Every structure is written in structure tokens, then in C-alpha cells.
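Number of protein chains: 2
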Amino acid sequence: MVKEISQAVIGRLPRYFRYLGELKDDGVERISSQELSRIMNVTASQIRQDFNNFGGFGQQGYGYNVEYLYTEIGKILGLDKTHHLIIVGAGNLGQALANYMNFERRGFIFTGLFDVNPALYGKNIRGIRVRPMEEMADFVRQNNVDIAVLTIPKTEAEKVASQLTSVGIKAIWNFAHVDLAVPEGVQVENVHLSDSLMRLSYNINRYEAEKERPSGQA
Amino acid sequence: MVKEISQAVIGRLPRYFRYLGELKDDGVERISSQELSRIMNVTASQIRQDFNNFGGFGQQGYGYNVEYLYTEIGKILGLDKTHHLIIVGAGNLGQALANYMNFERRGFIFTGLFDVNPALYGKNIRGIRVRPMEEMADFVRQNNVDIAVLTIPKTEAEKVASQLTSVGIKAIWNFAHVDLAVPEGVQVENVHLSDSLMRLSYNINRYEAEKERPSGQA
Numbered sequence: 003m004v005k006e007i008s009q010a011v012i013g014r015l016p017r018y019f020r021y022l023g024e025l026k027d028d029g030v031e032r033i034s035s036q037e038l039s040r041i042m043n044v045t046a047s048q049i050r051q052d053f054n055n056f057g058g059f060g061q062q063g064y065g066y067n068v069e070y071l072y073t074e075i076g077k078i079l080g081l082d083k084t085h086h087l088i089i090v091g092a093g094n095l096g097q098a099l100a101n102y103m104n105f106e107r108r109g110f111i112f113t114g115l116f117d118v119n120p121a122l123y124g125k126n127i128r129g130i131r132v133r134p135m136e137e138m139a140d141f142v143r144q145n146n147v148d149i150a151v152l153t154i155p156k157t158e159a160e161k162v163a164s165q166l167t168s169v170g171i172k173a174i175w176n177f178a179h180v181d182l183a184v185p186e187g188v189q190v191e192n193v194h195l196s197d198s199l200m201r202l203s204y205n206i207n208r209y210e211a212e213k214e215r216p217s218g219q220a
Numbered sequence: 003m004v005k006e007i008s009q010a011v012i013g014r015l016p017r018y019f020r021y022l023g024e025l026k027d028d029g030v031e032r033i034s035s036q037e038l039s040r041i042m043n044v045t046a047s048q049i050r051q052d053f054n055n056f057g058g059f060g061q062q063g064y065g066y067n068v069e070y071l072y073t074e075i076g077k078i079l080g081l082d083k084t085h086h087l088i089i090v091g092a093g094n095l096g097q098a099l100a101n102y103m104n105f106e107r108r109g110f111i112f113t114g115l116f117d118v119n120p121a122l123y124g125k126n127i128r129g130i131r132v133r134p135m136e137e138m139a140d141f142v143r144q145n146n147v148d149i150a151v152l153t154i155p156k157t158e159a160e161k162v163a164s165q166l167t168s169v170g171i172k173a174i175w176n177f178a179h180v181d182l183a184v185p186e187g188v189q190v191e192n193v194h195l196s197d198s199l200m201r202l203s204y205n206i207n208r209y210e211a212e213k214e215r216p217s218g219q220a
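Residue numbers (my numbering), protein chains in the order written: chain A, 3 to 220; chain B, 3 to 220.
Just so you know, the hints here were simulated from the structure itself, not pulled from any lab data. Every value quoted in this text rests on a predicted model; they were computed, and no experiment measured them. Hints are not guaranteed to be accurate.
[Said to hold, decoys possible] Cut-off 30 Å, straight-line C-alpha distance, at most; resulting in silico cross-link-like pairs (DSSO-like, lysine-lysine):
(1) K156(B) with K172(B)
(2) K172(A) with K83(A)
(3) K213(B) with K77(A)
(4) K125(B) with K125(A)
(5) K156(A) with K161(B)
[Said to hold, decoys possible] Covered stretches of chain B (in silico footprint by chain A; criterion: 3 or more residues with CB under 8 Å from a CB of chain A, positions within the stretch not fixed):
(6) 90-98
(7) 166-179
Quick reminder that beta carbons are idealized off the backbone N, C-alpha and C, glycines included.
The shape of chain A in the complex, shown without the other chains (with noise of 0.2 Å):
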């Protein structure tokens, strides 16, 4: 049965997975929405509505199993299986990528690195070495990757995108500051750090403006 969630609840999964962890590190067996509405500072309305998407998961009265929670979530969210990832783009971002541990531990496996620069080429990064574009294409097909992680100029990126879709990758994780036109089918989860600073710059500047209002008009 598959059941049409929309994407603001997919969104919010991470972060109540992200909870239940620390609260099954901390060895908390049960949790009442209420008071994981208080840690998570969302309303206890909201979780309900949010887990009532996926058939509740156990009686709200007595609480949630905590552990029991975490790995439903983490089953939601595809995190009972293996991705493997290859990064294409081996500049500073690329390694930050590649040498984030917590990934792994999540079942994202980095297989492949890829980059245009010959001077990068062998290069080791936690054991994977860097090898030259043109491999890419080959790799993807024999090594069964289903992510590509994209950390290129958005010059390139749309290029690299059709390339990579017409070996079968499943997705892309684009840090390429574009939108990526990609076949149906064919996942992008967009990091775009400029919007997401941009962003922070106007809530800034709304912060002073609000400031500079004279009093009364609160």
C-alpha cells in the first residue's frame, strides 16, 4: 500500500528520526506525544496528525515505544537499506562529503569519486581514490550505485545530470546552485546554499526593520 504523504510531513521525518535517536541513546523506552511535542517544540497536534500518516504507531494514551518508533520511521524513510553513493566533484566539498562518517552509518556508502582535474586523480579519501570523469558512466553501470551526489559548477552540473540518468542513476543530491531537469523517476533533493544564506540575510534585515519601527506600533 502506498500512500500519497506530502512532502512537508516527508520533510519533518528526518528530524522526529533524528529525536527519537537521542532519546533511544538516552535510554528513554516510552515517549507521550506531549511530552515529545515539548523537546521537539512542535505542537502534540501536529506529531499526532504527522505519525496518523502512517498508521499512528501504537496507542497515544500509554505513549510511544520509542525504539520501536525510530525503526518504523527509519524503515519510512529507506533507511533499512544500503545506498550506494558516488560523488562527482572531488573540490572541498566533495571530501567534506566524502569523509563524513554519519552517513555511512545510515547505510550511504560512498563507492566513487569523480573529478574533471587530472592533478586530483588517485588522490585517497577514506580509501576511495578519485578518478577521472570519464570512468564515471562505466562505474555507475557495474557498481550499482543508486546516488550521485553532485558537487560541481552549475556550468557542468545539467550535463553531468543527463549522463549520469542515462546509466540508470535513482538520484541525485545536487549542491550544483541549478535546478536539475531529470526524467520522471528520477529523484533530486536540491541543496542550494547561496538561497539558504540569502535567506538568512533577509531575516536579518526584517529583524532591523522591525527594531527600527517606533514603539507602539508592535
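Assemble chain B onto chain A, guided by the hints.
Just chain B now, kept in the frame of chain A:
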């Protein structure tokens, strides 16, 4: 006049800004909401609604003046002002961000880089040397720093955020995998990379499940 604008609208402004910047660079002078809608893959009515939050930006029948719209949205995002940033955590991710020139084009100037690791002290990244954490508070006070970028482990993030807010930081761009509690008036923008990767994983999972459904149920 400060009107309350929803974060959903704010979230879309950087994308408008990005597309308008590209149109401007391509020499496009005027654009209709229909044409912008087609390029950006959102409805024209969404565009008009979003822009109406800011007074509409000019006659719609005649089309928008690209340069004007770009400049005005830039101002709303606070990009007509200069912001001084420090990066706390000079690991791969911190260095990647310090090396990213595009932020500077938008008025975000990196002025300091801090780390707990003495092996990194004095290391130069684009002319900015890595300093010990002990110098952070004084540096923020003396150099008019308004934004701190946290690229440190989550176990340290709360403590460092608290030090930063006590010396008057206005905003935190948080890459640590934790939700920060900050005083009112301090802006926080989170980039939770693991959350983003989990959403991608969810969408892969869901698409596979849909494919496996017997046909006719679609």
C-alpha cells in the same frame, strides 16, 4: 513599513533572484509572469501572489523589468548590504565554504576562521588564517561580525552558539546536526545535510514501492 511575509514566500525569493540574475546576464530586459512561470516551472498566479507581498513590482500586462525586479528582490533579501561572517570549524566543510567565492559577490565577506585543532592554526585559506577558538569572542566584538557559520560537531554547537550570542552575533548559519536554542532576535538557518539525504532516500523508496504496485491501481 514591515509586513509579515510567510517563510514559504521568503523561501522562494532566492530562487526568483537566481533566475532573474540569469535572465539579466543573458540580456533579457522585460519578462511576463507567464514566461517566468514557464522557465521556473511554477504557476504564473503563484508568481503574481508572491510578488504582491512586496507591492507587485510593476505592471503585469507590460511584463516585469528584469533589472528592476532583480535589484528589488536583492534589496528585500538584504543583499544590498555587506555582511561579515566567521566560520567556526575549519574542517573540510568549513574550508569548502571559505573557498566559495560566490558568497562574496553577494556581499557575504568571510573575515575569520576558527578551530579547536592547533595543527590548523595559522593555516591560510584565501588570505584568512585559522585562529584558536579562544580568540573568537573578541574577534566578533572587534570586527563587526554579524553571521557565524557553524561547521562543528553537534556536541559543541550549543556551547559555541551560546558564546556567540553573548557577544552579539546576529545570525547563525548552522551546519551542525542539532537544533540550536538561541535568544529571540538571533536568526538561525539550518543546513541539516543528513535530513536532506534522508528525504532523498524516502523518495527513492517510495518510487520503487509505486513501481512494484500491480498496474491498474495507479
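### Query
Are three or more residues of the stretch 90-98 of chain B within 8 Å, CB to CB, of chain A?
holds (count 5)
### Query
Within 30 Å, alpha carbon to alpha carbon, are K156(A) and K161(B)?
Violated, at about 36 Å.
### Task
Given that the stretch 166-179 of chain B was listed as covered by chain A, double-check it with a C-beta distance under 8 Å for 3 or more residues.
holds (count 4)
### Query
Do the alpha carbons of K156(B) and K172(B) lie within 30 Å of each other, as the hint requires?
Measuring from Cα to Cα gives roughly 20 Å; hence the hint holds.
### Query
Is K213(B) close enough to K77(A), meaning Cα to Cα at most 30 Å?
Within the cut-off at roughly 18 Å; holds.
### Message
Check the hint pairing K125(B) with K125(A) against an upper bound of 30 Å on the C-alpha distance.
### Response
holds (21 Å)
### Query
Does the alpha-carbon distance linking K172(A) and K83(A) stay inside the 30 Å limit?
holds (14 Å)
The structure is inconsistent with hint 5 alone, although it conforms to all the rest.
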